[in-house]
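Counting along the sequence shown from 1, when you hit position 103 you're at 102 in numbering that gives the first Met the number 0, and nothing is skipped either side.
These are computed hints drawn from the structure, not numbers from a lab. Accuracy of the hints is not assured; some may be wrong.
Computed list of lysine to any residue pairs in SDA-like fashion (alpha-carbon distance at most 25 Å, straight line) [unchecked claim]:
#: 1; residue 1: Lys125; residue 2: Tyr98
#: 2; residue 1: Lys125; residue 2: Tyr61
#: 3; residue 1: Lys118; residue 2: Glu65
#: 4; residue 1: Lys118; residue 2: Glu88
#: 5; residue 1: Lys84; residue 2: Gln73
#: 6; residue 1: Lys125; residue 2: Thr102
#: 7; residue 1: Lys84; residue 2: Leu50
#: 8; residue 1: Lys118; residue 2: Arg76
#: 9; residue 1: Lys84; residue 2: Lys118
#: 10; residue 1: Lys118; residue 2: Ser77
#: 11; residue 1: Lys118; residue 2: Gln73
#: 12; residue 1: Lys84; residue 2: Cys34
#: 13; residue 1: Lys118; residue 2: Cys25
#: 14; residue 1: Lys125; residue 2: Asp19
From a predicted model like this one, the values you see are computed outputs, not experimental measurements.
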Amino acid sequence: MMKVSDTDSGSGQVMAYINDPQGRLCDWGFPRIECYGVRLPLDYQGDIPDLMTLTTIPEAEYLVFEHGPFNYEQENRSIEEQVEKAMAEFDFTETGYSYDTTTPGRIVYFYFNPERFWKYIRPVRKVSD
Numbered sequence: 000m001m002k003v004s005d006t007d008s009g010s011g012q013v014m015a016y017i018n019d020p021q022g023r024l025c026d027w028g029f030p031r032i033e034c035y036g037v038r039l040p041l042d043y044q045g046d047i048p049d050l051m052t053l054t055t056i057p058e059a060e061y062l063v064f065e066h067g068p069f070n071y072e073q074e075n076r077s078i079e080e081q082v083e084k085a086m087a088e089f090d091f092t093e094t095g096y097s098y099d100t101t102t103p104g105r106i107v108y109f110y111f112n113p114e115r116f117w118k119y120i121r122p123v124r125k126v127s128d
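Work the whole structure out from these sequences, hints included.
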């Protein structure tokens, strides 16, 4: 299990969306299912709590949108809006990439720790060579 002091650990807790053809269509335009959990080492062999599932997320390329520390009580909603706007308006022109909204099992997740950051991690895929 990761420690709170580990870089980008967010205490290991993750709130995410997983691309799933049978999932609910979200505002971002892809079918997904919500999930909550913790990041574990690849070789984890411990117990899995009831109603939880151990899932391996395949290695892939991701685009990270991050905002630094902020005052939760005064800025939370505006920071969320800023990050979502940055994601919606990101210009992929000439990058050769786009968001990957179709590959089953790809994960969109975020870390939320107002003392450190608000960070969204979005899967991308290469669209040209």
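Item to check | 25 Å limit on alpha-carbon distance, applied to hinted pair Lys118 and Ser77 | outcome: 14 Å, holds
Item to check | Given pair status - Thr102, Lys125, alpha carbons within 25 Å | outcome: The given pair, whose Cα atoms are some 12 Å apart, holds under the 25 Å limit.
Checklist entry - When you check the alpha-carbon spacing of Lys125 and Tyr98, does it fall within 25 Å? => result Since the Cα atoms of Lys125 and Tyr98 sit roughly 9 Å apart, the hinted pair holds (cutoff 25 Å).
Checklist entry - Within 25 Å, alpha carbon to alpha carbon, are Lys84 and Gln73? => result It holds: about 19 Å lies between the C-alpha atoms, which stays within 25 Å.
Checklist entry - Does Glu65 lie within 25 Å of Lys118 when you go C-alpha to C-alpha? => result Holds, at roughly 4 Å.
Next on the checklist: Tell me if the straight-line CA distance from Lys84 to Leu50 falls inside 25 Å.
Outcome noted: Judged against 25 Å, a Cα distance of about 34 Å means the pair is violated.
Checklist entry - Holds or violated: are the alpha carbons of Lys84 and Cys34 at most 25 Å from each other? => result At roughly 23 Å apart (the allowed maximum being 25 Å), Cys34 and Lys84 satisfy the hint.
Checklist entry - Keeping to a limit of 25 Å between CA atoms, is the pair of Lys125 and Tyr61 held or broken? => result 11 Å, holds
Next on the checklist: Can you confirm whether the C-alpha distance between Lys118 and Cys25 stays at or below 25 Å?
Outcome noted: Between Lys118 and Cys25 the Cα gap is close to 19 Å, so the pair holds against 25 Å.
Next on the checklist: Hinted pair, alpha-carbon criterion (25 Å max): Lys118, Glu88. Please report holds or violated.
Outcome noted: 16 Å, holds
Checklist entry - Taking only the CA atoms, is the gap from Lys84 to Lys118 under or equal to 25 Å? => result 13 Å, holds
Checklist entry - Does Asp19 lie within 25 Å of Lys125 when you go C-alpha to C-alpha? => result Holds, at roughly 20 Å.
Taken one by one, the earlier hints fail for this structure only at number 7.
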